[in-house]
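Q: The listed protein sequences derive, respectively, from chains W and R.
Residue 361 in the numbering used here sits at position 361 of the first sequence, with consecutive numbering throughout.
Residue 126 in the numbering used here sits at position 126 of the second sequence, with consecutive numbering throughout.
Take these hints with a grain of salt, some might be off.
[Stated by the list, open to error] In silico BS3-like pairs for lysine-lysine, Cα to Cα no more than 25 Å straight-line: (1) W:Lys409 to R:Lys15; (2) R:Lys106 to R:Lys84; (3) R:Lys106 to W:Lys18; (4) W:Lys386 to R:Lys15; (5) W:Lys397 to R:Lys211; (6) R:Lys214 to R:Lys201; (7) R:Lys84 to R:Lys129; (8) R:Lys123 to R:Lys84; (9) R:Lys166 to R:Lys201; (10) R:Lys106 to R:Lys201; (11) R:Lys191 to R:Lys275; (12) W:Lys389 to W:Lys409; (13) R:Lys106 to R:Lys129; (14) R:Lys173 to R:Lys201; (15) W:Lys5 to W:Lys386; (16) R:Lys172 to R:Lys201; (17) R:Lys123 to W:Lys5; (18) R:Lys191 to R:Lys166; (19) W:Lys18 to R:Lys191; (20) R:Lys15 to W:Lys389; (21) R:Lys15 to W:Lys5; (22) W:Lys397 to R:Lys123; (23) R:Lys84 to W:Lys5.
Calculated directly from the structure, the hints in this document are not laboratory data.
Quantities reported herein were computed from a predicted structural model and do not represent experimental measurements.
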Amino acid sequence: MTFLKIAWFEYYRRIRSKWFIIGTFGMPIVILGISMLGGYLTGSGAGLETKYFGVIDETARYGAQLRSALDERYADVEDAPIDLAIAQGTFDELHTQYDVLVKENSLDGYFYIPAEFSTETTLRFYGRSSATIRQTEIIEGILGKILTSERANALDLSMEVLDDLMVDVVVDHYDLGASQAKETEELVAGWIAPFVFMFLLFLGIFTGGQLLMRAVLEERSSRVIEVLLSTVSYNDLMGGKIVGLGMLGLTQSAIYLMAGAAAGAYYDVNVITAGISLLYVIYFVLGYLLYAGVYIGVGALFDSEQEAQQAIQIITFIAVIPIMLWTLVIENPNSLIVNLLCYLPPVTPFFMMIKISVGATSATQVLITIALMAASVYLSIRMAAKLFKTGILLYGKRVTLPEIIRWIKA
Amino acid sequence: MIELINISKQYSSLKAVDDLSLVVQPGRICGFLGPNGAGKTTTIRMLMNIIHPDEGSIQFDGSPERPAAEQFGYLPEERGLYQKISVEETLRYFAHLRNVSDANDKILALLEQFDLHERLNSKVSELSKGNQQKLQFINTILHDPEYIILDEPFSGLDPVNQLVLKQILDEKKAAGKTIIFSSHQMDQVEKICDDVVMIHKGSSVLAGDLKTIKRRHGQTQLQVIPESPADLEHPIFSDLEADIRDDAAYLSLDGNKKQDLISRINQVLAVQSIKVDEPGLEEIFIQLVQGERT
Numbered sequence: 001m002t003f004l005k006i007a008w009f010e011y012y013r014r015i016r017s018k019w020f021i022i023g024t025f026g027m028p029i030v031i032l033g034i035s036m037l038g039g040y041l042t043g044s045g046a047g048l049e050t051k052y053f054g055v056i057d058e059t060a061r062y063g064a065q066l067r068s069a070l071d072e073r074y075a076d077v078e079d080a081p082i083d084l085a086i087a088q089g090t091f092d093e094l095h096t097q098y099d100v101l102v103k104e105n106s107l108d109g110y111f112y113i114p115a116e117f118s119t120e121t122t123l124r125f126y127g128r129s130s131a132t133i134r135q136t137e138i139i140e141g142i143l144g145k146i147l148t149s150e151r152a153n154a155l156d157l158s159m160e161v162l163d164d165l166m167v168d169v170v171v172d173h174y175d176l177g178a179s180q181a182k183e184t185e186e187l188v189a190g191w192i193a194p195f196v197f198m199f200l201l202f203l204g205i206f207t208g209g210q211l212l213m214r215a216v217l218e219e220r221s222s223r224v225i226e227v228l229l230s231t232v233s234y235n236d237l238m239g240g241k242i243v244g245l246g247m248l249g250l251t252q253s254a255i256y257l258m259a260g261a262a263a264g265a266y267y268d269v270n271v272i273t274a275g276i277s278l279l280y281v282i283y284f285v286l287g288y289l290l291y292a293g294v295y296i297g298v299g300a301l302f303d304s305e306q307e308a309q310q311a312i313q314i315i316t317f318i319a320v321i322p323i324m325l326w327t328l329v330i331e332n333p334n335s336l337i338v339n340l341l342c343y344l345p346p347v348t349p350f351f352m353m354i355k356i357s358v359g360a361t362s363a364t365q366v367l368i369t370i371a372l373m374a375a376s377v378y379l380s381i382r383m384a385a386k387l388f389k390t391g392i393l394l395y396g397k398r399v400t401l402p403e404i405i406r407w408i409k410a
Numbered sequence: 001m002i003e004l005i006n007i008s009k010q011y012s013s014l015k016a017v018d019d020l021s022l023v024v025q026p027g028r029i030c031g032f033l034g035p036n037g038a039g040k041t042t043t044i045r046m047l048m049n050i051i052h053p054d055e056g057s058i059q060f061d062g063s064p065e066r067p068a069a070e071q072f073g074y075l076p077e078e079r080g081l082y083q084k085i086s087v088e089e090t091l092r093y094f095a096h097l098r099n100v101s102d103a104n105d106k107i108l109a110l111l112e113q114f115d116l117h118e119r120l121n122s123k124v125s126e127l128s129k130g131n132q133q134k135l136q137f138i139n140t141i142l143h144d145p146e147y148i149i150l151d152e153p154f155s156g157l158d159p160v161n162q163l164v165l166k167q168i169l170d171e172k173k174a175a176g177k178t179i180i181f182s183s184h185q186m187d188q189v190e191k192i193c194d195d196v197v198m199i200h201k202g203s204s205v206l207a208g209d210l211k212t213i214k215r216r217h218g219q220t221q222l223q224v225i226p227e228s229p230a231d232l233e234h235p236i237f238s239d240l241e242a243d244i245r246d247d248a249a250y251l252s253l254d255g256n257k258k259q260d261l262i263s264r265i266n267q268v269l270a271v272q273s274i275k276v277d278e279p280g281l282e283e284i285f286i287q288l289v290q291g292e293r294t
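Hey, can you work out the whole structure from these sequences and the hints?
A: Below, the structure is given as structure tokens:
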């Protein structure tokens, strides 16, 4: 089986490369690190750049309370995100000089706490809103708590009683067929898992496609293609490449899925089941083969990677659609638009994996989409074979669209 | 034996190969010549089964049945090598594709023959142009093919390695292999080949045994170099209608007996050297192509 020899060569030379190892193990660490860092910074307010605000306090008390609350909150932080300069007086007396300070960039903005703040519960902010949105939210939260505490005191209620009066309603989620309510970890996993499945497919399919295109370009530009084609057939060469690099993508996915299953077992969350894994493999193979045809066809037509990348830009656009719309699928998995997208072969695997992982599909839909994908793969590989056979030896020739169409029709 | 019978290949409006026939005998080296765009690469690709002729047929040892791919060794004009893998990986991969047994021993023996054994683990991109060419040649013959097709094999090789390559080709010839040698360097072809085929605009303009071709198509002359260059003015040269150039006189042997001419000259002049000057392939080729244009 000559094509298996080629597949093994393509697989083995790349799986040993440092880029595969760095990419496979380094990327999740980087993504996880960035998410955790982002979460920490967003949640605490620490790490935000310090913003300088003025406060025109017509109440002569909320400004001071705001400052002491901020001091308490950021007592352990070296550079607190908010620094206040409080002035007591009326808006009419003070706003002109504050306007100047903002224009001169001495202040990032100023708050106006009107005299009737305790009853109206509204204050104003003047300044560059977009750059100070997080700090403004923090101030909103603190002043809200101050007013709530005041009102509780007026009713002779302690904060403990008030906290007791505040009721959080929690919905326990039950899957049909599951005997116990889902834990929080499971709910998070249920939200994250669909994205992870889609992202893994995305990563494996497009990384594999890019590698395939580069492999064809490498053989074409180094002319090693001539030696290969004097030894093996076009079909063996193309098939070997597709299989070898597809196995590489599957290996990468298998590593991630096993890591996910291990993490799931640790937290007692059973998201990566045998059934989902099987469907993942099916959609991965079909999606990869569909795009492999396109990438190999483009690789066979161009002399340089730059030209090929330009030609493949449309694929990048299609690839972004699932990334943009994944929340839509989770929130409305049975909507008409989502179902239509599931039957569109270039995005079928991504949307179907999201639907499958939220349990919002049927066996019929799975079978129909697999059949549609299989038909598309057949056409894509046929087209690729024609372009590969005709274009691969045409060095230095700029291929025109009519020529490509003629070759495909031939 | 390789036999191309009336093969043609058309690309859009261009007829790259036009009704070309040629025969390459086993145990002989056939020079395949022609200017750029003459159709050499297209012919070689058809021979290697990379593309198929629109018309005509290719036979091997009298049969239209094509031998297995591992019976062919092909060295393309430009470096047909992966740049990012090692010398060993390159040779092992192609040996594996061609089902070579004892690949390790064969690889090491050939690398040693070409003084490349110390570069076994080097990446191909780290090799010099000459060493890459040696590696490519080793890859062409590693599986001991019956049919060897070489396109500019001497490109980038120093004289010592040219000699090693020539010795190996002589061994292959003696072993009865069928060898096609395509080159622009006509002097190399003259040194190595037994037969030549010249093509121009996709058609054969000359084919056959090299010596016969030179005898038939070239004007054989007697080259005389007098001891004193001043003797080139001697009346005997004007009597014999000599062509005087490059400090030598060239006398046509048409209608003159070589020994008679030599005796006449020796009687009247002190001579540094007298020898028969055969026409070069390049001259013959230029004559033929220019003749076709006029």
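Q: Measure nothing beyond the straight line between the CA atoms of Lys214 of chain R and Lys201 of chain R; if it is 25 Å or shorter, mark the hint as holding.
A: At roughly 22 Å apart (the allowed maximum being 25 Å), Lys201 of chain R and Lys214 of chain R satisfy the hint.
Q: Hinted pair, alpha-carbon criterion (25 Å max): Lys84 of chain R, Lys5 of chain W. Please report holds or violated.
A: holds (19 Å)
Q: Is the hinted pair Lys409 of chain W and Lys15 of chain R satisfied, with a Cα-Cα distance of at most 25 Å?
A: holds (22 Å)
Q: For the pair we were handed, Lys389 of chain W and Lys409 of chain W, check the Cα-Cα distance against 25 Å.
A: holds (13 Å)
Q: Going straight from one Cα to the other, do Lys397 of chain W and Lys123 of chain R come out at no more than 25 Å?
A: violated (30 Å)
Q: Starting from Lys123 of chain R, check that the Cα of Lys5 of chain W is at most 25 Å away, please.
A: Judged against 25 Å, a Cα distance of about 21 Å means the pair holds.
Q: Is Lys191 of chain R close enough to Lys275 of chain R, meaning Cα to Cα at most 25 Å?
A: It holds: about 19 Å lies between the C-alpha atoms, which stays within 25 Å.
Q: Is it true that the CA of Lys386 of chain W sits at most 25 Å from the CA of Lys15 of chain R?
A: holds (22 Å)
Q: Checking one constraint from the list: CA of Lys123 of chain R to CA of Lys84 of chain R, max 25 Å. Satisfied?
A: At roughly 6 Å apart (the allowed maximum being 25 Å), Lys84 of chain R and Lys123 of chain R satisfy the hint.
Q: Is the hinted pair Lys5 of chain W and Lys386 of chain W satisfied, with a Cα-Cα distance of at most 25 Å?
A: holds (23 Å)
Q: Is the straight-line distance between the alpha-carbon of Lys172 of chain R and that of Lys201 of chain R 25 Å or less?
A: Distance ~31 Å between Lys172 of chain R and Lys201 of chain R Cα, so the pair is violated.
Q: Does the structure keep Lys106 of chain R and Lys84 of chain R at a Cα separation of 25 Å or less?
A: holds (23 Å)
In terms of the numbered hints stated before, the structure departs from hints 3, 5, 9, 10, 14, 16, 19, 21 and 22, listed from lowest to highest.
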